[in-house]
Structure formats: structure tokens, C-alpha cells
Amino acid sequence: MMRILHLIPSLSGGGAERQLSYLAPEMARVGHDVHVAYLYDGPQPPSWRGDNLTLHRIAARHNHDPGILLQILQLIHRLQPDLLQTWLLQMDILGGLAAQLSGIPWALHEPTAAAAWKHPTVKIRLRHRLGTHAGAVIANSAAGYAHWQALKVKTPCYTVHNALPHAEIAQVIPINRATAGIHPQASILLFVGRFIREKNIMQMLTALSRIVSQRQAVAVLLGLGPLRQQAIDFARAHQLGDRMRFPGFSNEVWAWMKAADVFVSVSEWEGRPNTVMEAMACNCPLVVSDIPQHREFLDDQLALLVNQRDPERIIDAILQTLDEPLAASRRAEKAYQSVAALDIPPVTESWLRIYQAVCSRMVNFTDNDAPLHDPTYQVRKG
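In this note's numbering, the protein residues as written are 1 to 382.
Because the hints were derived from the structure by calculation, they are not lab data. Here the structure is a predicted model, which means the values were calculated and not measured. Do not take every clue at face value.
Computed list of lysine-lysine pairs in DSS-like fashion (alpha-carbon distance at most 25 Å, straight line) [what the hints assert, rightly or not]:
1) K123 - K152
2) K334 - K258
3) K123 - K154
Take the sequences, apply the hints, and build the full model.
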């Protein structure tokens, strides 16, 4: 069994944090000694607590506190982990430096596509340079994998798709419309995500506002981010009242997905979008942007894919979903079946196989090494 140290800036936030919250407890459950070091507190699901799993809070006065690196090095010296796994830019840099100084194997997680790095800052360049010394880069999408291949690095690169907590999702019941103050006959149009530029927020709002103004429908937009206040101001300017709601962060995302008539995500680009996949696991019909990152795991049989820069196309697709519920339900069921295999145990096993390869320096797998029954595990030569 391995001793594994994960480094991540925070325990709250987006997709990387959620994936770690699934993987770390499962790694511990199967007997590995798992440690998670982080800077900032956040919601800690009950599954984070248990045997073989230890959380370590790193004290930081600010993000650029030089003491962070020193504390990571001290933690590595004390724990003597077999492998270090880093998550997100800050820890990719600090963890990568610590791994180099400590001489321990290191794996870097790639959660996004090349579009996220198209204007490389000094930090991004440093991440890429450090990544050439990692034992593995683990991408969650073909786009992330292709990004590292385009850099022509010798680091072995792998693709392992995001895990979904199917057992937990199955236990969730839909939002109670009466309690939420939503008319029984009203359609629910749902968005879940960060209010940031790449999510194409304003184009989506234009489409949603038209629909809720003309139909008995409510748009619910869950999440936080720098553009959230601008979105709220847009709704107020259009006098939409409670037909467009912004509850902020919610622990009831899956309950909303199970109640929604359509899930809308018209991003300009993505990595491997957790919220879209979670909506699929909740049997919620999808209207998503027609971008390569969505096309990697969706087609016209599973979702309605639209030009994200054309509000009229977005409106037409949402209305088609509402007006043709049987067809929408069939797409949703096919989408659910397509992610049924992405459960936490098999995905975690894929990660652990890569860790074992890194630790043993046997990193030159071929596609034939991937078990045929496990579609979550895709390995390519680095």
C-alpha cells in the first residue's frame, strides 16, 4: 500500500475540489494511507473523515506567503510519502518545487483545456516547466491531454475521466417546488457553475430572460463568481423578479438537477465539466454549447448542442426541450447510461494504477494495458 499526499489550495470551490473529495476517501477505504494538505477551509463532506485519511491545514498569511513552501517541505519530511499529487495552479507550482527538492515522485492533475492557458503568465510558464519533471500528468479530458502533447514534453500523460458519486446521487430527492415557491406547472431552467467570463454568462442570461418573460418558467442560477452581481443587475434591469433567481452556493445541486426541466451550460470552453456530468447522472435534459470539450462525451442523441454565441439558437433548444418532453426524457436517459460506468471505485482504481506505475518508474503503458471493461481509464504513451 502507498502513502499518498495530496496538495490543494482549498477544500471548497469547483470541480477539482469535488473530485478530490471523491477520490481521497476511496483511496483510504481500499487501504492506502492518504493525506490531504490545504490552505483554506471549506465544506468538508462526512466522507472525508475516516480511517487512513488525514487532513493537514497549512497556515498562510496570503497566497504568496513563502512559508507555504517551507511547511510543505516539512510535511513531506515528516510523512515521507510515496507520491505527491498536486491540484490547481498554486499547488502545481509549490508542490512541484517541493517534489523536486525532496526527490519524491510527483503527479500533476490537468483539469482543463489549452484554452485556459492561451495567454500564459509567468506562473503558467513555471507550471509547464515544472510539469516536465513530473512522474505523470493526469488529464480529465482529451483536450487536457492534447495540451500537454502539444507542449512536446516527455512526461507520461494519461487521461482518466471524472468520477461521479452515483450512490449518493441516487439517494437525493428532487427539490420540493412548494417549499421553493415555484408553481407546480412552471418549468425550471437550471444553471450551475461559476459566474465567470468563459461560462458565457451574459449570452445565457439573454436567452433565459426571453423565455421566462414569455413562459411560465423560472430560471435558477446556482453558484458564485465575479460576474454574479452583474447577472443580478441584469435581472433587475429587466424586471424579472423571482422568475430569475440567484441562490448562490448550494448544497442541494443534485436536488435541483432532479427537479429541473432543462440544464443549460453554454460555456465558451471547458475542461471536463463536473456539473454537466452530474446533470447527466441526475437524468436532467441538457442544452449545452457545441464545443469540442462537450463533443468529447456528448452527441445529438444525448443532448441538444447549440452555437453558444447565438442567443436565438439557445432559446430554440431550450423551448424544444420544454415542448418535446418525451424526446428530452429519452436523451436524458441515454446520457445517464453513458456515465453509469464513471463511478468512484473504478475511477479511483485507474488513478492508483498510474500512481503505482509512477512509483515503480514503469510509466510507458500502451492503450492495451487499459482494462477493456473500464472505460474510465484511458492511457496513452507520454
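- Query: Are the Cα positions of K334 and K258 separated by 25 Å at most?
  - Reply: holds (16 Å)
- Given the proposed pairing of K123 with K152, does the C-alpha separation stay at or below 25 Å? holds (19 Å)
- Given the hinted pair K123 and K154, is their alpha-carbon gap at most 25 Å? Since the Cα atoms of K123 and K154 sit roughly 20 Å apart, the hinted pair holds (cutoff 25 Å).
Hint compliance for this structure: every hint is met.
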